[in-house]
Amino acid sequence: MAEAPASVLVVDDEEQIRRALRSILTSNGYGVLLAASAEEAVRAAAESKPDLIVLDLTLPDADGIDLAGELRTWISAPILVLSVRGGDADKIAALDAGADDYLTKPFSAGELLARVRALLRRSVAGAGTPVVIVAGDLEIDLSRRRVSKGGEEVALTKTEFDILAMLASNPDRVLTARMILEHVWGPEYAEDRQTLRVHVSHLRKKIESHPSVPRYVLTEPGVGFVFSTK
Amino acid sequence: MTALESDGQRGARSAPVRVWRATAEWTSAHPYITALGLVALSTGCMLPWQGSQDEAQWGLWYVLVVVASASLAGERGAVAAALLAVGAWNYFFIPPYYTFRIDRPSLWIDLTVFLLVGTVVGLQTAVRRRREREALTREGETRLLNRLLSELASPPATAEIPDIVLDRVQEALRPCECALYLTRREGGFNRSWRPQPVSWPAETEERVSEAFAAARPLEAIGRHSGRAACGEHAEMLFLPLVGPEKVFGVLYVALPSDEASDSSLQLARAIARALTAHLEHDRLRERVADLDTLAEIDNLKSAFVNSVSHELKTPLASAMATVTGLLEPAPGAPKLAPAVLSELDAVARDLRRLEVNIGDLLDMSRLENAAWRLEPDSYEIGEVIGSVLAGLPARVRDRIELSVTESIPAVCVDFRQIARALHNLVDNALTYSPESESVRVGARVLGDAVIVWVEDRGPGIPRAEREAVFQKFYHSPSLPRGRSSTGLGLAITREIVTRHGGKVWIEDAEPNGSRFLFSLPVDG
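Chain order of the listed sequences is V and A.
So this note's numbering is basically just the index in the first sequence, starting at one, shifted up by 10.
So this note's numbering is basically just the index in the second sequence, starting at one, shifted up by 31.
Pulled out of the complex, with its shape left as it was, chain A reads as follows (with noise of 0.2 Å):
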């Protein structure tokens, strides 16, 4: 029996329920012994009016002890008390008294009757009885539980967490000790006892450990015997907390092996999953905090790369179109000097790189938006090269190769986006390739993909760097004198090739140099 089954009688403790309560646990526990003691007393207080009334009537009086009986001890207690009262009534009561013989017969009727009324109105008594017990139980932990629930829904501060639960696992188990481990956001864990031991028992901080290694559902709790305050037979409960994702922590309750029970055992289940609950409900809401943060995040990035594509690309236009119109003078206009010239020309070049830099870097970011969006359409795979192709300057457009075979099925990418990628690869294979030599775009189709390709004649690059040089902010050792890169050209590429369900990768080239190849899925 917990503590709990008289919580009914909760705010009046005064001595008489304690006694009443004491005596009713000692009942249900001894039923025999109860049983037996009413039909003594009963019998006793009616013995000086023996022979005062019809044998017969004494059966009435009996009806009550056995329904007694069945109150305080149970089943068990009716069925004892009714064979007892049937042998006490005709013992004392049926002449010729102190003998079991009867010489009416209609008094075997008698007690025969009574025999069968008195068990089955024990019995009924006695379920009754257990079922209104019951009942209190449950509604003695629907009430913890649903004090426990809106204590921690308050919401406590983390710290007081432990201190809760504590109250309420000692008002409702009474256990000789108790302790609830937490996990901290760090690793390790937090420790609270009651009491508070002079040191951690080692068997039972083993024991923790192992409930936290299993991280089983709460089902599986682990249950020994074992030595803890109570003593040496203590029942040790360990209930390992276990959200979907993560373990929480422990809570331990020891209780003395008298005391352990299926209902104490279900109570501390409920205590642990109603915790459980509690501990993942704040694990969910501080994700959405995070996620909520994310959100923000992205919003304010959009907002700083328009602002930038604004700011920075208004003074660069006027600049660049300043610098430009005086690099081209109208016929007829004055000259200007030829180291002017020069360092105009040099301005405007840096304005270029300026331009592909800030390009780079806005992009990057659009690509890193979740929210960005490609804007598919069906396309035929050579007509991103030849935009891509005529977007080179006429010199350099003399160095490329094409190796594109015919009939390539259509396929359905951001036109834009594929064309940016494929300009990346190319200028990079001019970048890396000796100006004398050609540098070769072709595509074909392979299986259920089109496959485009770079070929430089570069100096090629180890397997080891493979990976590494479409990373953000890649810096190759090779890159020619001179030249500069934000790094992000390769990374947007793949970023690109990736959105559009394909991949991007590099294969050695004959007789020397490196082949960036991509993939895309052909439409439909």
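Same shape as in the complex, but just chain V (with noise of 0.2 Å):
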């Protein structure tokens, strides 16, 4: 945010969330513009580029999940998704079709710019995530592929590398199995869901402290994983 101010586009149908998010962001130093519709939040869209999209699920007169992925095919800004608990469905979908973060309602100003923040860091920097992610005792170094633990070596197969760097380098953002699965294995393999969990299981034993009680792959029901950093 060294020049111009991030602009932040929020999808609400409700009111007292727009106006809210409007105070933090704002407050925070980011422009916001506001739609109440699909319809306004396309037009929002087009008209000013947003560097970032705030999408509730529950709009008058579109799916979100339809809308995420409309955007998502002409507009390369990162989407986060608003949703009630409990939606697993939902948030699978949203993140399938494209969204790229999710943040479960009630939520604190805390938790929503932190999640703004990561994402509009990765969207700036690009493909330059740090070479060396450190979490914990866990050291992740992505451009020798190397890993450590409390300072010693752990030896990680190509693909347990593969996963934890694409978790870790989305530091507390759940990644669907499907996303995991193209990126690591390839299209064809989206839907073997069982050999991510296997390799997942094995990764865990190498790195976890306590292996059978995971703190940094964390399972996501229903969803995938994330790399907790908390």
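Listed next, with one range per pair, are the computed distances between beta-carbon atoms:
id	chain 1	residue 1	chain 2	residue 2	range
1	V	K240	A	S438	25 to 31 Å
2	V	G160	A	W536	37 to 43 Å
3	A	H312	V	A200	55 to 61 Å
4	A	R318	V	H220	50 to 56 Å
5	V	K240	A	P369	25 to 31 Å
6	V	P197	A	E359	38 to 44 Å
7	V	G39	A	L392	34 to 40 Å
In case anyone wonders, no lab produced these hints; they're calculated from the structure.
No residue lacks a Cβ here, since even glycine has one placed at the ideal position from N, Cα and C.
Please assemble the complex out of the two chains, which come individually in their own frames, going by the hints.
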């Protein structure tokens, strides 16, 4: 946010939420655009090219998931989806349709800002994610493809490293099983969840302090996995 | 014989019909006298023409007499009439008259043939007549039961049922007294008597109570001889109306002992059975209506939960976002006064508590909805524990000590629900343990179950209270000051675990505190 402030398009049909988000985001230096419907959202996105879109899945005139998919075809800005608790299927569908992350209502300003910052950083830096990722006692060197835990090197297979690298490059962001499978194995393996589970289980045994109770690579039931840095 | 035998002639109850019916009843009850009378009468009528025709021809007239006797007095009347006719024929119409001597041997053959033919024809007539009467009786019974059922099906108000039934009983069985006892919803029973007695006869009432208590199927009806309105030796029937799940009442019928027969018994039974079927049908109809109401309530509850979910969570989400936004101002933004910040912090805490409470209430409603289903999949229990711990604030997470054994087999669970169940136990343990003490979370295998446990260093739970803590809205007297709770957390945990086919229980922890455990069946 050195030069022009990043602009965020907030799409939500609830006026109270739009007001709260505008207040939080403007006070933190972001430019804010508001849209109450899918139609308004598409127009605003086309006219002002926002740097990030916050999208509620329940909209009066269209399905939020469809909208995320449509926007993704012509806009590269990251999309953060808002949803109510328990809508697993919606979350997966939104992520697979092109959303980049999701946040469950109700959320605190801190959580929202953390997601917004992470998504903007990624999109601005592009491929330039840090070469070395540090989380707790874990150090992941992406360029040299090395992982160490408490200073000791951990031997990972190529697949295990690829999974870990993908998850760790997107810290605290849920990645669907399909995303990981497509990225690591290729699109033809997109449905092979069991294989992914087996490899994640092996990975956990090597990097987790307590191999049966993961702290870094967490399961997001029905969706996929998340690399936790908390 | 019951009144129904002549029911076929209903609508033509003129005097001749009544006389004929009475005659028919008398003759079937006295077959020998009838046979004797008919033979004597016919002989008397034929006597003036004695010797006017061939001796053998008188036999033809006597065949008619045997058939008439068979019709009126049945098989016994037929055989008796045949024998008497042979005697009368020989005595009055075969010379020498007024002796049983027979001079012409060919007449012996005539008499023997007559005896055989007369007996056979007589018997056949009697059997056909009896079948005809039986068919009429059945037809009458069927008509009566049809009428009873159609009257009951109209459908009558409950108060009209006794009148309808007793009308039919009186018409069909002509009892000297009858009564219907029907159980009341609120306990006890309603009595309806015909005729209305001055006071309830104690003996009869006692037998009715016995019939109620015995609650046996209809086939085992009570049958007693005793004093009823008809006199000292009435036949008293007590027919319990027993449905598959309930005794509806007792039908009491007293018949004069000479009126009581197997067919009246059968008819009484058929009436009682028809009435029982009707009452059972009514009961089921009410039950279905109740079930419909319950389903409706379940639907309303779902709609309510969804509506509450949206209506409460939207303002909560905006309030939470706004307040937390003020608490975390952007770098460089003007700082709020410390007093305002502290107030806002309290509001944020309250909002979080509100969020938890709303979540508890909605979860409980969802769990109690019969239509709600788990979404199970195969997971390692450690994944669930890891996820629950990751959801705790960092400073609280440091208080957790893990004791999970390795290579625990997978469990087939609804991950989110089990995480919810475990979170409630961990939250509970953290609430009741002093802040300086750690909380231990563990898992191990026991037989074909995975046991998960959470141990606190709190005051412990007395044995007597261990069941109560899982009740909805239970509030422990030892809840630390300043903490509030919906009293639903442990109830939700138990509901979730039970739905997974497991159970929850409490043990003492060493040296102090409690251990909450739950079991889950191993996958496969």
